[in-house]
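A.B. asks: Please work from the sequences and hints to get the whole structure.
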Amino acid sequence: MPIEIPKDKWPGKIRTVTLGATAAEGGTRAKTITVGGEATLPFMHFETPTPNRPVIAIEIKDHKPDDWSPLLAEVWGEAMNDPAAWAKSAEAAGADLIVLALNVNGLDGKPTTPEAAVAAVKAVLGATGLPLIVFGPGQAELDNELLVPVSEATKGERLALGICEDKNYRTIVATAMANGHLVTARTPMDVNLSKQLNILISDMGMPGDRIIMDPTTGALGYGIEYGYSVMERLRMAALQGDAMTQSPMIVTPGFEAWKTKEAKVGQGVPESWGDWKERAINWETLTTVALLESGAAIVVLRHPESVKRVRAAIEELMTV
Amino acid sequence: MALSGIQIYKLLPKTNCKECGFPTCLAFAMKLAAKQVELSACPYVSEESKKQLAESSQPPIRLISVKAGGYEIKAGNETVLFRHEKTFFNRPGIFVKVKASEGEEAIKARVGVADAFKVNYVGIDLNVDGFAVEADGGDFAGAVKAVRSATKRPLILVGKDPAALGAGLGVLSSSSLPSSGQAIAGQAESALLYAADSTNWEAMTELAKQHHASLAVSAESLDALADLTEKAKGKGLEDIVLDLKAAGLGPRLALSTQARRLALKSNFRPLGYPIITFVEGGDGRDTIAAAQAIAKYAGFIVLDRFAPELVYPLLVLRQNIYTDPQKPIQVQPAIYEINNPKPESPVLVTTNFSITYFSVANEVEGSGLPAWLVVCDAEGMSVLTAWAAGKFDAERIAKTIKGFNVADKVSKKRVVIPGHVAVLSGELEAELPDWEIRVGPREAVDIPAFMKQALN
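Taken in sequence, the protein lines are chains V and H.
Quick note on numbering: the first sequence equals residues 1 to 320 in this note's numbering.
Quick note on numbering: the second sequence equals residues 1 to 456 in this note's numbering.
Take the hints with a grain of salt, since some may be wrong.
Stated by the list, open to error - Example chain V residues on the side facing chain H (calculated, C-beta under 10 angstroms, incomplete):
1) Met-1
2) Asp-67
3) Ser-272
4) Thr-285
Claimed, not checked - Calculated pairs, SDA-like style, for lysine to any residue (alpha carbon to alpha carbon, straight line, at most 25 angstroms):
5) Lys-277(V) to Pro-251(H)
6) Lys-7(V) to Pro-251(H)
7) Lys-86(H) to Trp-10(V)
8) Lys-261(V) to Ala-243(V)
9) Lys-118(H) to Val-265(V)
10) Lys-97(H) to Trp-273(V)
Read the hints as simulated data drawn from the structure, not as lab findings.
For each residue, glycine too, the CB sits at the ideal point set by N, CA and C.
C.D. replies: Here's what the structure looks like:
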């Protein structure tokens, strides 16, 4: 019995965004990464081919963080003490791009200085040819204080700078616009808030192909269903033609998953949770895979084994 | 697919006789569409219309139930493609597979461990739903007997040879018969057979009918699959499960989506059944495949191994994806003791939205500092939402503090409220005159620093 397969026809599509700039384009990256461009729900290749596969970023810090799981400290080892070495290890572990998330404080316990932030960013850019995303520590004033000099010192590299939030986006957007960078716009798991921030940033004159949306998510067991459904709805709104939801989405399942007790700690937990390391990797990969299937274009991970598994999953998902 | 009120109206007598209790046939049709009345309230509806309406009231994806020992795993009856459109209803059953060739002792041991597995998530005990037994040579009846001796949970019998599966079913029917020798309908075991294909479907269909089992049907394409389900249905079998042959995550996602769309959007009956998915592969490939199956439309998932670190995250994912978006998961309002608090430890207050609770509890726990965490009944809303809705105000907080006799547990009457509701501190001082009210951080992630710096 020949069946007619129901195919969705959408008027809109996800905007194409390119991160990084090569020497010819005014930067120093060995390669660039392009995401977006899809005109279907995730991986519905039978409707329209998927032009760009989702990509994996590995998150590193400007110095070894004191609150990361021992499993992560063990696997990255000495490299965590040097952002350049860490970036190299991340590239070797299969990252498509690097996220450098700046710490609130330097090793001396005082707030990270602009000089230190610039030095860390330059060190990373020198150590790897991959495109780079730089996140501030997530405190409005400090973010602005650090990201402006970082942006100026890396003019033309097409970095993505974050975190733009509804209460703090102007300074970051302005400096990104002036220096040829992109921005990531973070909103707390809400379709309308995502859209609204996108409008605010666009109103400043930032071109759409330089905005990446971070709809935020929860880890498996800690609210993933909210992030998951918000992303499905954002993707549908985008495909229906709403220009302010058409930015590709970045999510941070590594950050979320490694906050959870299930991933972070191995002692004093129920026996029914099973082997710590495998559980932690599963926590990170399952969170990630669910978000890929709901529309993520860039996933930010922490553990190399998760990177390997998610990469294999993306290969399978891209297979027709 | 459900008919609209207008479509139903066209099938009614349109005489507005009012005998159904409604002023017009149209009003009655609207009530029917909303499933608020029964068609039998209309004395004049034609037999032909009755048939059409009955047909349309069939769920687009048939409900299949696999039962044994008082356990029942249901799949199907889904109505949407995306959970935000309404909700997903029947959580896919998670089964663990053993093979007859493993030998009875090994089977008993493996099944026993998985059967006893229990893990608590937000106050709910989660477990494996059942087992699949594969006839891969050797004594299949013996293997099924071994499995049944180690678990009472529902079974899937896996094999191509109807004779072997029949022998396995024989073990089940006899073991589920009460001593009188008469099976009682409600207690009868109902297994799932896997699978019928173009070569064995007639014998498998007969076997399934004879044993009141469900039958998985397997084919290389959706076209061929639809042909086969129609053939089985033609022989009188109703309880069918689809096995989509797909290599890898991408093709499986496409096929599962197509089957679901055909059932829901095109009302295509030959594929209106739940889907079974077998997952395997090392380096986490089985885990990831199972995760996709949970999110994207499987009704039964068969793992070829059991390990707590594999099953726990899958059960949690299933719980999350199948949460009704309209009804957030809540935790019990109570005083939660974190890191063995002492009388001098601080008292923190938050709401009973599970994610709010877990965010706060996780941070406090991670800080290593002891605390009393008082969870107020805010109808399952987060701090800001609950505050805006008037479900998390000074009166409720004070009532909770008093209701749980927090004052009896602590030596220092000091309570920390979330930074997002700093505005409540004045009113709360009035409600709790003996207490010192402190405003904590807005975000849970800042709690450890706050506890270290501000509370010491």
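A.B. asks: Need the status of pair Lys-277(V), Pro-251(H): alpha-carbon distance at most 25 angstroms?
C.D. replies: Violated - the C-alpha atoms of Pro-251(H) and Lys-277(V) are around 30 angstroms apart, more than 25 angstroms.
A.B. asks: Against the 25 angstroms threshold, does the CA-CA distance of Lys-261(V) and Ala-243(V) hold or violate the hint?
C.D. replies: violated, 38 angstroms
A.B. asks: Quickly compare the C-alpha distance for Lys-86(H) and Trp-10(V) to 25 angstroms and report which way the hint goes.
C.D. replies: holds, 22 angstroms
A.B. asks: Does Val-265(V) lie within 25 angstroms of Lys-118(H) when you go C-alpha to C-alpha?
C.D. replies: Holds. Lys-118(H) to Val-265(V) sits at ~20 angstroms (cutoff 25 angstroms).
A.B. asks: Take the shortest C-beta to C-beta distance between Ser-272(V) and chain H; is it under 10 angstroms?
C.D. replies: Constraint on Ser-272(V) satisfied, holds at 4 angstroms.
A.B. asks: Can the hint on Met-1(V) be confirmed by a CB-to-CB distance to chain H that is less than 10 angstroms?
C.D. replies: Result: holds, 5 angstroms to nearest chain H Cβ.
A.B. asks: Quick one, is the Thr-285(V) hint okay against chain H at 10 angstroms, beta carbons?
C.D. replies: holds, 6 angstroms
A.B. asks: Are the Cα atoms of Lys-97(H) and Trp-273(V) separated by 25 angstroms or less?
C.D. replies: holds, 20 angstroms
A.B. asks: Identify whether the interface hint at Asp-67(V) stands, where standing means a beta carbon of chain H within less than 10 angstroms of its own.
C.D. replies: Since chain H brings a Cβ to about 8 angstroms from Asp-67(V), closer than 10 angstroms, the hint holds.
A.B. asks: Straight-line Cα separation of Lys-7(V) and Pro-251(H) no greater than 25 angstroms?
C.D. replies: holds, 15 angstroms
Hint check: violations occur at hints 5, 8; the rest are consistent with the structure.
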